[in-house]
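Hints are included, so try docking the two chains, each in its own frame, into the full complex.
Chains Z and B, in that order, give the protein sequences.
Going by UniProt numbering, the first sequence opens with residue 1, and the numbers climb by one from there.
Going by UniProt numbering, the second sequence opens with residue 1, and the numbers climb by one from there.
Among these hints, one or two may not hold up.
Derived DSS-like pairs (lysine-lysine); straight-line CA-CA distance at most 27 Å [as the list claims (entries may be wrong)]: (1) Z/Lys156 to B/Lys147; (2) B/Lys134 to Z/Lys169; (3) B/Lys134 to Z/Lys159; (4) Z/Lys168 to B/Lys319; (5) B/Lys466 to Z/Lys156; (6) B/Lys542 to B/Lys466.
Residues of chain Z placed beyond 10 Å of chain B at every Cβ, according to the derived structure [unchecked claim]: (7) Ser27; (8) Val98; (9) Pro130; (10) Arg133.
Okay, the calculated beta carbon distance ranges per label pair [what the hints assert, rightly or not]: (11) Z/Trp53 to B/Thr263: 35 to 45 Å; (12) Z/Leu131 to B/Leu179: 50 to 60 Å; (13) B/Leu336 to Z/Asn113: 51 to 61 Å; (14) Z/Glu160 to B/Lys147: 44 to 54 Å; (15) Z/Lys189 to B/Ala143: 55 to 65 Å; (16) Z/Asn113 to B/Ala143: 53 to 63 Å; (17) B/Asp165 to Z/Asn113: 34 to 44 Å; (18) Z/Glu138 to B/Gly230: 51 to 61 Å; (19) B/Asn260 to Z/Ala136: 21 to 31 Å; (20) B/Gly230 to Z/Asn113: 30 to 40 Å; (21) Z/Glu46 to B/Ala143: 42 to 52 Å.
Source of the hints: derived by calculation from the structure; they are not laboratory data.
The beta carbon of each residue, even a glycine, is placed where N, CA and C say it ideally should be.
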Amino acid sequence: MASRPAPAPKRPSQLPASKPPCNIYPSAIIADKAQITGSHAVEIGENAVIHPWAKIRAEGGKVVIGQNSMVYEGATVGTVDGGDVLIGDYVNIETGAVVEARSVGDGTTVEVNAVVGKGAVLGKWCTVAPLERVEAGEELEDFTVVYGDGQRRVDKTTKEHAEVRELKKGGQEKAVQAMRALVPNAMAKWAG
Amino acid sequence: MAATFPYTHYACPCSNLTTPASTSISAKRTSLIPVDAPEDSTFNPHDPRANYSLSPLDRLLFCDECEEIRCQRCYGEEIIHWYCPTCLFEVPSSGVRSDGNRRSSSGEEVEEAYILQCHYCDWSSLDIGVHFSKPTKITEQLAKQRKSRTSGGSSAAEAQPLSHDETFANLATFYKEQLSESGDPQNPYSNSPYSSPNNLARIMSLYGGLSVNALKKTREKPQPMREARGEEEGMLICSFEDKATDDALLQSMQNLDWANTTTAEQRLSAPANKGARLVDALWPVATRLRTRKCRRCHFCPQYLSYPDPKLKVGNLRYKIRALALNHIPRLSIRSLQTSYPLPNPAFCLHAADLLQRQPDIQPHITRQYILTIRNPILEPIRITLATPTTTPGRVASRVTILCPSFTVGPAGDVWDEALSSSTTSMATIPSGNGGRQAAMESLTGRGADESLDRQPEAGKVWERTKNSTSVVLEIVPGALKSLPGIVPKSEKELEEDEMEEGDDVLEVPIYVRAEWEVSEEHDDAGDRKGGKRIVEADGNVKKEMAFWCVLGVGRIGEGG
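With the rest of the complex left out, here is chain B (with noise of 0.2 Å):
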C-alpha cells in the first residue's frame, strides 16, 4: 500500500479476510469480545488479499437498502447510454450494434461515390480502393466491402484477419459452454422454471431470502474449467509453413520506408487490422463512442450512483450518488507528541515533500495517537472500538484504546454549527462514559491553553467537538528484528525471520461499531430489511453498524 502516512483504509464486508484468531482472543480485552460471529477474528492487513479489500473512504459507496458499504467489487456497471468523445452526439443504444456510429463523412462527390477523407493528413478511403455509394450507414457498407474483399482474395494475408475472426467467435462458443456446463453441474429442477440460476436468485431476492453470493456458496462447487485444445475450440497455432507470403512482406517492408509499417498502437486499434504489417493493409474503423455508466449494488435493485439523464454528457452532475463519505463515520489518526508531526500529504505544495521519507517509528517506545471519528449522519452516534492487543503480521505491536466506547454528535450544517456554541449541542447527545466528561470540560470552562499540558486519562474522552470525538491510542511498536538469543537459529527459525515488503509498516486494525436511532418515519430502508430492525417503545429503530478498518501509522524503523 503505497500511501502517505497517515492514512486510513476501510474493508468492505464483501470479502471476508478476517481469519479467525485463534490464541489472540483470550487476549482481547474481555470486554469487549463481541457476540457476532465475525468479530471473533481479526483482519489482517498484512495479508496478500489485504490490497484488495482494503480502500480509502472516498472510492467507497454505500447502498442504503442493504446498509453496507460496496466496493468496487460489490457493485456492477450498467451503461446508460454511449456517446461520440468528438461531437458528444449521443448513440442510441439500439443503433450502436448495427450502425456502430455515424462517422463524418467528407462527402466528396465522385459519380454519386462517397470517400472517407481526413482533413488533417489527407489520407482518404480511396488510398485503399474503398468508396460509397450513399453517405449513410458507413459502417454497415465497410462491413460488406470489407467481407467481399476478404473472402474474394485468396491469398493467404488477407485470409488471415478473418480467420481470426472466426477463431475468436469459435472460442466464445467454447467458453460459454464451459460456462454452462460448470456453472450448474447437477441441476435437480432442469424442467422447472428455476432452471436457470439467475431466475433461482432473482426468485430467492424477491422473498427476501438469501442473496445471491449466499446461494453460490450453498451450490456445489463447480468443476473446474477447462481450456481449449483445437482449432474448433477456439486455438490458434502459430505456424511457420507459410513461408511464402512472409518472404514477399519482408521484402515489401524492405523497399518501403519504417513510415509505411504500422504502429503497434494501429495494429490494436480493431481486430480487422490485427494483421496489418504495412499502412496500405490498415482498414478505417469507426470512432470508439465513450459510455456513461450508473452503479448498482450487487445485492439488491439499488442504484448507488446514476448520472444525470436530463444533462447532456460532459456534465458531471449525478442524479444518485451515495457515498460512502456521507455515511459511514470517518477515522483519522494523528500523532499526539507535537515534536513528531505526521504532515498531511494534502497541504504538501512541492513534489520533493511528498517523496522526502517521513521519520520512522522507534521500536519498543511507546506513543500516543489521537483517533479522531468523525460522524457525517444527522443522528449522534455510539461508537465501540475494538482491536487486537497485538497487530497481527510478523512485527507485533501493542495497541491500546484508552477510550474505546464513546458517542460523537450529529453533523449539522453549517449554520447550525456556526450558531450553536458547542455546550448546547453537547445536551443533545445521551450521556455516555466519555460525553459526560467531555461535556463537563467545556461547561467547567477548560480552555485550550489547559490542554496543552494535559495528559491522556484511560476511559476519557480526548477532545470533542460538534460531531466529531477524539480518543487517544497507545502503541508500542514491535521490533523488526527479534532479540539475538544464544541458542543458534534452525534454519526454519531463519526463514520466519526473512521480512518481507510492507512488512515493517504498522498498520493497526481497528473493528468500528456504530449504533445510532432513527425516529419510525425517518427509517426508509428498514421496512424492507427486516433483519437488524428492533423497534424501541418510543418509536425509534436502533440501528448498527460495523467494519474493519486499517490504520497505517507508519513504518516502524531499525533501531533497538
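Okay, chain Z solo, but in the shape it has when bound (with noise of 0.2 Å):
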C-alpha cells in the first residue's frame, strides 16, 4: 500500500481518489490492473471481464458493459468528451481496440487494434476485423462485418442460422468461464 501513492503522479488518471460510482454485477471479473476512470456512472454486466490494462473511461459520460461481454488487454472503452458508451451483451472488445461508440450491439466483436469512432452505432453481430476503422458517427447494420481496409459484407452465416449465433454465445460463455480461472479478481477494489 506504501508503494501506491509512488506512482501517483505520473499517472493521475489512474488515481483511485477519482474512482467513478461503479454498479458491478458480482458475478463479474475485474483484474487489478484494469483502469476504471471519469466521474460517470460505469456498469458492469452478469459474468463480463475486463482484462488487466484495459481502461473503461467514464469521464465523457456513462458506460455500461452488458453481460459475458470480454474488455482485452489495452482496449479502452469510452470517452473522454464524447457521451456515453453502451456496450452490449456477448461483446469481445479486443486487445488494443478503442470504442468510443454510442453503442454496440450484442455478438459483436471489436478485433485487435480496431477503432470505432465517435458516436457510432454498431448493430448486434457485426465485426470490425483487425486493425480496421469505423468512422465517428457511422452506423452499422447488423451482421455487417468490416474488413480489407474499409470494405463491407453482411455475414450471412450468422444472419441465415439461429444455431450458429448459439453456438457463438456458447463459444462466447465458455471463454468467459476459462477467464475466470485466469484473471484474477478484483472487483473490491471498484465495488461499492
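Right, dumping it as C-alpha cells:
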C-alpha cells in the first residue's frame, strides 16, 4: 500500500481517488490492473470480464458493459468528452481496440487494434476486423463485417443460421468461464 | 542487357551461339588461334539470342561431374516435398494428390456437421450451402459436392466450369498424342526394350556414349506439332448463343453492388472459379502448397543443389550447392585511367546514383582497362585469353589484350592469405610468361607508388596478388556512324546504318581457357569422365576448362 502513492503523480488517471460510481454485478471479473476512470456511472454486467490494463473511461459519459462481454488488455472503452457508451451482451473488445461508440450491439466483436469512432452505432453480430476503422457517427447494420481496408459485407452465416448464433454465444460463455480461472478478480477495489 | 557497367557475363556452353568467323579468323592473333572447333568461332554478344545464354557468374551453377558451367536451361528442378506456407506443415508427396492438403476447419458443430469459416471476415461455407460430415479429407468432400452440384444443376452457368475441366482433359490428351507422334516418327526398334526414347537415352548414357542432347541431334527432325482443331481435341469455341444466361448474369450484376462481383484474382485462383462472376459462385480452394526443389544436371545424374533435408522448411541451408562462383575464374574489368572511374554499383548508396547515366565512351580514342582474373580453386591455373581483334556487331571496336597468357595463383583460406606474404606464394606458381616478371617486380621491391606512373607494356602482367592476376586491355571504340562519304548511299546501305537498341553498348567477347593440374587421388570426376583426362608422369591429372564470357565496358557516345 505504501508504494501506491509513488506512481500516482506519473499516472493521474489511475488515481483511485477519482473512482467513478460503479455498479458491478457480483459475478463479473475486474482485474487488479484494469483502469476505470471518470466521474460518470460505470455499469458492468453479469459474467463480464475486464482484463488487466483495459481502460474504461467514464469522463465523458456513462459506460455500460453487458453480460458475458469481455474487454481485453489495452483496449479502451468509453469517451473523455464524447457521451455515453453502451456495450451489449456477448461482446468482445479485443486487445488494443478503441471503442467510443454510442452503442455496440449484442454478439459484436471489435478485433485487435480496431477503432470505432465517437457516436458510431454498431448493430448486433457485427465484426470489425483487426486494424479496421469505423468512423465517428457511422451506423452499422446488424451482421455487418468491416474488413479488408474498409470493405463492408453482410455475414450471411450468422444472419441466416440461428444455430450459429447460439454456438457463438455458447463459445463466448465458455471463454468467459476460462477467463474466470485465469484472471484474478479485484472487484472489491471498485465495487461500492 | 540492363546491367550497370562494367559487368561480366558468362556464356553457358549449353547454347552454341558462336558464329563461324569467316573473315575475322585471319585477323585473329595467330598465336592464339586454337585447335578446337568451337574456338574457331566468335561469340557475338549482339546476337538477339545472346541474352538467353549470358548470365552473371552468381546465377550459374557448376556440375563437377561434367566439369562444365550449368545455366538455368541445363539443369532440371525436382520437387523434394510440398509444404503449407502458413503452418509449414510438410505434406507427404503421396498425400498431395489425394487429400490436397489439410485445411484448417473451424469445426463448428451443427448436428455432426462441419463448416469452413474464415476468422477474419466471417465468411463460411454455409454461405454457399456447403457443410461436411467429418472434419477430415476436406478436399475429397469438397470435390464430391462440387461434382454433384455441377452435374445435378442443369443451368448453363453451372455447367460451364465442368466443360472447362473436360476441355482441359481433352486438350491434354491431344497434346500427349501429338508429342508421342512427332517425337519419334519412325522408330526402328519399336519392339525392342529401346523403344522409348527415355530408355534409350539412359542406356546410352550408361555406356558413356552420347549425351541426351547429342542423341537428340542425331535423331531425325521431328514433324511439327499441329494445334487442336475440334472440341474433342480440346479447342473451346466462344459462342454468343447462350443469351439468356448472360442476361440473367447482367441483371444480377445490376442489382448487386461492386463488392459482390469477383475480382480477376479470385477468378484465376482455381479452375473451378474461372466462370464465377459473382462472389456467391466462388468455390473454396485449398491453400496452395509451396515446394522445396533440388536441381539436377540434365546431362548426368549429379545434383547441383539440394536443400538440407534434415532441416525444417524455412531454413536456407543447403546440403549440396555447386556454385559456378567456386569453380570458375572470375573476370572483372575496370578503367586504368583514374580520372574516369567506373563506379561499382554495389557501393551506390542512393537509388539516384544508379540512375545517373555513366559517361559515354568517346569513339576512336584508345582506352586502357585492367582485366582482373581471380582464381577460386586451390590449384594455380594457367589462363589463356583470346578475343577477336574487332568486336562483332554493328560498331566494330578494336580490342587488344596486352598479355594474353599468364598464371593465377591458388586461392587459399583466409589465414594462409594473411600469414604468407605475396612473395612466398609466388614461388609455388610455375613460372610463366608474366609470372616471372611479376615475381621479379615484387622481389626487387617495386612499391605501389612506383606503379602510379607505370606504363602498361605488352606481354607483361599488370598486377598480381595471391589468387588474382590483372592484365591490361586496350580498346579503341568504334564510331556509331560511318563517316560521311561523297558517294550518296544506296537505300540498303542507309538501312544498314540504322542503329538498333543495344548497338552502342561496347561489349567485348573473350574466350577464357584455364588449365591446371590435380594430383590423381584428388581427382574425383576424372574416372567417370574419361575424356579430357591426361595423366602426367608425376601422377598429376591435367585439367582444362574453356568458356566464352562478355565484358560490358560501357556505352559509346555520339561524338566523333
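Does the structure keep B/Lys542 and B/Lys466 at a Cα separation of 27 Å or less? This hinted pair holds, its Cα atoms lying about 22 Å apart.
Could you grab the alpha-carbon distance between Z/Lys156 and B/Lys147 and see if it respects the 27 Å cut-off? Holds - the C-alpha atoms of B/Lys147 and Z/Lys156 are around 24 Å apart, at most 27 Å.
Separation of Z/Arg133 from chain B, once the least beta-carbon distance is taken, above 10 Å: At about 16 Å from chain B, Z/Arg133 clears the 10 Å cut-off, so the statement holds.
Outcome for the supplied range 51 to 61 Å, where the beta carbon pair is B/Leu336 and Z/Asn113: holds (60 Å)
Between B/Asn260 and Z/Ala136, does the C-beta distance stay in 21 to 31 Å? holds (28 Å)
Within a Cα-Cα threshold of 27 Å, do B/Lys134 and Z/Lys159 meet the stated pairing? Holds. B/Lys134 to Z/Lys159 sits at ~24 Å (cutoff 27 Å).
Regarding the pair Z/Lys168 and B/Lys319, is the alpha-carbon distance no greater than 27 Å? violated (49 Å)
Satisfaction of the hinted span 51 to 61 Å by the C-beta atoms belonging to Z/Glu138 and B/Gly230: Given about 57 Å between the Cβ atoms, the range holds.
With d taken as the least Cβ-Cβ distance between Z/Pro130 and chain B, does d exceed 10 Å? violated (8 Å)
B/Asp165 paired with Z/Asn113, Cβ distance criterion 34 to 44 Å: holds (43 Å)
Is the gap between the beta carbons of Z/Asn113 and B/Ala143 within 53 to 63 Å? violated (39 Å)
Is the hinted range of 44 to 54 Å satisfied by the C-beta distance from Z/Glu160 to B/Lys147? Violated, since Z/Glu160 and B/Lys147 (Cβ atoms, about 25 Å apart) do not stay within the stated range.
The structure does not agree with the numbered hints 4, 5, 9, 14, 16 and 20 stated previously, though it agrees with the rest.
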